[in-house]
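2 protein chains.
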Amino acid sequence: MAILSFLSRASRIYKGYPKLLVLCTLGLSSGGLVAYSESQLDTRAPHVGPNEKEPEKKRVVVLGTGWASTSLLKDLDASLYDVQVVSPRNYFAFTPLLPSVTCGTVEARSIVEPIRNIVKKLLSNGYFNKSTARSSWSSSGGLVTYSESQPDTRAPHEKEPKKKRVVVLGTGWAGTSLLKDLDASLYDIQRKGEVKIWEAECVKIDAANNKILCRSNIENNLVGNREFFLEYDYLVIGVGAQVNTFNTPGVKENCHFLKEVEDAQKIRRSVIDCFEAAILPGLSEEERRTNLHFIIVGGGPTGVEFAAELHDFLDEDLVKLYPAVKDLVRITVIQSGDHILNTFDERISSFAEKKFRRDGIEVQTGCRVLSVSDKDITMKVKSKEEVCTIPHGLVVWSTGIGTRPVVRDFMEQVGQAKRRVLETNEWLRVKGCENVYAIGDCATIDQRKVMEDILIIFEAADKDNSGTLTVEEFKDVVDDILIRYPQVDHYLKSQQNLKDVTDLLKDPQGNDWQEVNVEQFKLALSHVDSQMKSLPATAQVAAQQGAYLSRCLNHRIQCEENPEGPRRFRGSGRHQFRPFQYKHFGQFAPLGGEQAAAELPGDWVSIGHSTQWLWYSVYASKQVSWRTRMLVVSDWTRRFIFGRDSSRI
Amino acid sequence: MAILSFLSRASRIYKGYPKLLVLCTLGLSSGGLVAYSESQLDTRAPHVGPNEKEPEKKRVVVLGTGWASTSLLKDLDASLYDVQVVSPRNYFAFTPLLPSVTCGTVEARSIVEPIRNIVKKLLSNGYFNKSTARSSWSSSGGLVTYSESQPDTRAPHEKEPKKKRVVVLGTGWAGTSLLKDLDASLYDIQRKGEVKIWEAECVKIDAANNKILCRSNIENNLVGNREFFLEYDYLVIGVGAQVNTFNTPGVKENCHFLKEVEDAQKIRRSVIDCFEAAILPGLSEEERRTNLHFIIVGGGPTGVEFAAELHDFLDEDLVKLYPAVKDLVRITVIQSGDHILNTFDERISSFAEKKFRRDGIEVQTGCRVLSVSDKDITMKVKSKEEVCTIPHGLVVWSTGIGTRPVVRDFMEQVGQAKRRVLETNEWLRVKGCENVYAIGDCATIDQRKVMEDILIIFEAADKDNSGTLTVEEFKDVVDDILIRYPQVDHYLKSQQNLKDVTDLLKDPQGNDWQEVNVEQFKLALSHVDSQMKSLPATAQVAAQQGAYLSRCLNHRIQCEENPEGPRRFRGSGRHQFRPFQYKHFGQFAPLGGEQAAAELPGDWVSIGHSTQWLWYSVYASKQVSWRTRMLVVSDWTRRFIFGRDSSRI
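Chain order of the listed sequences is H and S.
Numbered by my numbering, the letters in the first sequence go through residues 10 to 658 in order.
Numbered by my numbering, the letters in the second sequence go through residues 10 to 658 in order.
Careful: at least some of the hints might be erroneous.
Pairs count within a copy or across copies, as identical chains cannot be separated in the list.
[Said to hold, decoys possible] Here are the simulated DSSO-like pairs of lysine-lysine, each with C-alpha atoms no more than 30 Å apart in a straight line: (1) 220 - 484; (2) 329 - 67; (3) 275 - 261; (4) 384 - 66; (5) 508 - 275; (6) 508 - 66; (7) 261 - 389; (8) 66 - 220; (9) 66 - 275; (10) 329 - 542.
In case anyone wonders, no lab produced these hints; they're calculated from the structure.
With the hints as extra help, turn the sequences into a complete structure.
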């Protein structure tokens with residue numbers, strides 16, 4: 010407390026720029042140490058501490074450590090906010106490799122990185138170019154000046170801020186003496202802040218009082234109460250989704266899922282169990298076959314990749330170790346739709362089906378699972394309305410996703426009770442809640458239709474209130490339209506005959522209208538909303554949303570002064586930010602046997618061994634840390650040399 | 010069955026050497042395939058199959074896949090026996106690295122190897138020099154002739170067998186045509202057999218009827234009955250020992266153990282739990298301290314190594330991630346004796362105690378634990394007879410070992426009910442049971458005393474029944490004495506004034522007796538039994554016992570004809586084999602901070618960083634497969650570069 014009072018006194022004396030001075034004074038001891046002592050104070054009363062220290066610092070609470078939350082944390086400037094993270098897992102998992110973990114192609118450890126490591130990097134490097142940061146570390150307590158340009162994927166439309174920012178890392182003699190003489194009116198001086206992480210689950214969001222209730226999920230009999238409250242100024246919900254059983258009886262009890270790392274490890278053990286149980290003496294061949302019948306429900310990317318992995322595991326490793334039963338194994342993929350991988354290009358899905366047929370993996374399309382018991386699974390074949398029951402050794406359930414209870418409860422509070430899934434606006438802000446954002450699988454963006462605003466747009470565009478719109482007038486608003494309603498752009502891209510947006514304003518004969526009235530305007534834009542589709546629940550979307558939101562939070566203050574968004578058609582002025590816009594980089598579907606299929610931007614499709622290598626390189630490069638990158642690559646190498654491990658641990 | 014009947018017919022025709030022909034005929038199809046088809050028959054009825062196939066083939070059942078059983082299986086000639094292995098774990102674990110697994114220095118996967126992989130090698134390579142085997146593989150279906158000389162550690166006194174052995178690996182055209190013309194009277198021709206492995210636990214040994222009851226330990230709801238019987242001609246018990254709680258209340262419920270791989274993984278998760286629970290908001294500092302108090306009961310090598318690992322984990326990795334609580338951590342080692350590592354040289358144990366004091370690891374010697382609750386541990390300090398209770402976050406119990414229930418039950422059957430642990434004779438055969446052997450931690454060797462046999466020895470030595478023994482007469486029997494009673498050799502080594510065994514026959518003045526009578530003979534040998542000590546329960550002993558037993562089983566037939574053991578003093582002739590003799594290669598004690606202590610043969614002691622590197626190289630070289638070797642080394646490298654992973658999985 011002594012140090013705090015001293016600081017407040019200091020800041021009282023130098024009214025001009027108190028924050029700068031506070032930072033300098035703290036700077037007198039090692040920055041690292043300060044962070045520690047702070048956290049020691051804070052851990053005692055985290056929802057009081059920050060207020061004492063820096064009242065003006067807003068409190069951001071982030072729920073979850075998945076793709077969305079982690080990419081948010083990676084870029085969030087912790088010096089601007091008092092950041093707290095609440096998640097039942099103290100690590101980030103590279104989920105696209107989960108299917109590989111189920112068969113030991115990749116080890117579980119290789120795809121997880123402690124969230125604290127990720128945040129630690131953030132603390133030392135801030136959210137600017139890492140290499141710069143390191144160099145500045147080496148020159149202990151040096152100075153880093155940088156323009157705020159970011160990787161283009163994140164902010165393709167960056168503007169230079171007026172005031173350069175100075176971030177001081179480490180504050181030995183060099184840094185301190187430098188700060189003493191630095192003119193704070195020329196620079197915006199900052200020290201990196203600190204992120205607190207609690208391994209707990211948010212069980213209740215109290216939107217009215219801006220606080221959440223958390224409960225630790227540690228089973229061990231350790232002392233201390235398990236529940237605590239956190240207050241927030243901004244809440245970011247990134248808790249992801251849960252498995253959707255569609256209330257099919259017996260699924261929860263008898264099926265494996267493939268969402269968490271633990272699930273993958275459990276599946277791996279169970280697969281070995283099936284083989285060990287099948288070769289035991291005294292079983293009938295029928296019993297052996299049953300134990301070795303692996304069923305995958307859901308022909309999406311996850312299910313298909315798992316089926317492929319399982320087939321490879323069996324084909325490359327297990328036949329050698331369990332020759333006696335190698336001919337009794339059966340893998341079945343059950344898909345409710347007419348094709349597996351139906352979110353992919355049909356070239357890919359048909360290739361996948363052919364390959365599976367060659368590999369002896371059965372694909373049963375058009376089947377709806379009615380119930381799952383410990384011994385068999387019952388399903389209805391849609392085509393011929395008949396119900397059949399098959400015995401199984403192991404069932405993996407990888408169908409759609411559902412809303413978590415805590416989110417469901419929150420939806421009722423903010424008047425979204427009737428909705429299927431939590432809805433946000435185009436800026437990822439939860440509808441009906443000013444200071445809560447939702448990113449990743451737990452929410453969906455409700456994109457506003459052009460036709461809903463068509464009249465306002467017309468009025469806004471029609472400057473001279475002539476009741477008609479000239480092409481020039483239209484051109485003035487067209488950029489804002491394109492930004493505010495991304496579907497217009499998609500629509501233009503989808504139409505060959507439309508080179509330019511103004512081509513919309515042509516009469517059926519293709520001649521330019523000199524002027525259009527409301528009705529013609531409506532007609533012209535009547536189809537643009539047809540291109541609206543909600544974003545898929547993928548890591549790619551979540552990561553982009555996290556990065557987008559971190560940028561908004563980092564620029565909150567600047568953009569309040571000079572907003573960078575499109576003009577408001579209803580109401581005056583501009584939106585503070587551009588709405589979130591998703592950029593699709595394509596998707597992969599590994600099909601086993603060193604073959605993969607890829608859907609690339611621009612309707613490209615790539616299939617085969619080369620694609621598998623593309624897959625390897627992309628997934629290696631996308632790893633969150635050099636540690637996991639090295640581990641994943643060495644796992645792949647190990648698998649090539651020695652095969653997969655079949656020890657039952 | 011067709012093929013079997015054909016074989017039996019074939020063998021009936023050529024009475025001379027049926028076995029040879031059977032093998033050749035099987036040889037007509039690929040050896041590998043035959044093995045498979047066999048196993049397909051056998052898995053159905055394993056205790057019938059072998060009898061049908063080769064009635065003369067004895068059935069060996071091995072219990073366990075630990076050090077003893079695995080080293081037995083690695084060298085056992087599967088062509089001589091119908092070998093079956095029963096173990097609840099389908100892998101071999103390199104247990105000396107378990108403490109490293111508890112903190113993630115080494116991954117669990119890196120120290121386990123599926124027993125089937127180990128046995129597969131055995132099948133392809135037999136039990137002779139592996140390189141020879143490979144070369145013979147490459148020349149598909151070639152021929153391997155080899156003298157039976159083995160690594161010296163195993164058989165230092167090998168004799169050349171009269172008949173060379175021919176082992177045919179793979180039987181394509183080359184191997185088959187070769188076998189057709191080969192004169193079987195000159196060679197003893199063999200094909201490698203097959204080892205069957207059941208992942209199950211032996212729950213009951215029925216010594217009277219030569220069969221065991223096994224129960225599968227797979228929890229999953231798979232079909233087929235879980236229990237089955239196996240018949241044996243020879244049973245090898247290598248099930249190891251279980252943790253000994255000395256009936257201390259609360260230990261089973263509230264303590265972690267460190268015997269299985271799962272234990273180590275559980276400890277790793279729990280350590281992270283303690284930290285995550287300790288930094289949660291709203292705890293008092295006292296509660297934080299409690300959650301971060303790690304107690305190790307037992308100051309043996311395992312406990313000490315775990316304490317050291319834990320300290321390194323904390324010191325090198327966790328302080329960075331949990332700075333807020335780094336000063337609240339406490340590690341305590343509770344030892345009932347006066348010193349930790351009391352089985353080691355006192356130079357080592359005192360060094361260890363000093364180092365721990367420097368590292369801030371508390372060592373409480375002379376304490377007996379009375380009870381363990383979920384929150385605290387109660388113990389009695391022997392010196393000042395006082396009872397104290399300390400709160401804890403995690404307790405690891407690594408004291409002595411106890412007998413498993415199945416072994417205890419077996420002991421009652423064979424009249425060893427009163428004994429503390431299963432006893433075998435010097436040939437590892439269980440006392441009171443002709444065809445059962447016990448190796449590893451589950452048994453102990455009851456070495457016969459010289460003084461028990463002193464009279465018989467004297468009579469046997471006194472050829473002319475003169476009632477006195479000349480030095481010459483003594484010299485005739487001395488070799489047999491040294492082999493039959495290893496303690497004599499140890500005694501001579503321990504006495505400086507005794508250069509040669511005949512020096513025993515000196516009168517107190519040091520002059521040679523020309524002749525000794527019974528009383529003088531007794532006097533001379535009166536002290537030799539003092540050097541008898543039972544072998545420690547270490548991996549080293551277990552591995553040597555397994556290798557020894559495999560050799561005995563492989564040479565059973567030859568040694569029945571010409572026994573290689575010492576002469577029988579009671580009764581005539583010689584013993585079939587030499588008794589088992591343990592060769593101590595020293596032991597390690599890693600002490601953390603890249604320092605280790607080593608006790609080497611010949612009373613050498615090595616301590617420090619160099620010893621740690623010796624430790625690394627020895628443990629890397631001792632790995633059971635190249636896979637695990639690569640993994641362990643890469644784990645060590647990974648740890649050096651990136652530190653240990655603290656993700657809670």
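Hint by hint, where does the structure go against what was stated? Just the numbers, ascending.
1, 4, 5, 6, 9, 10
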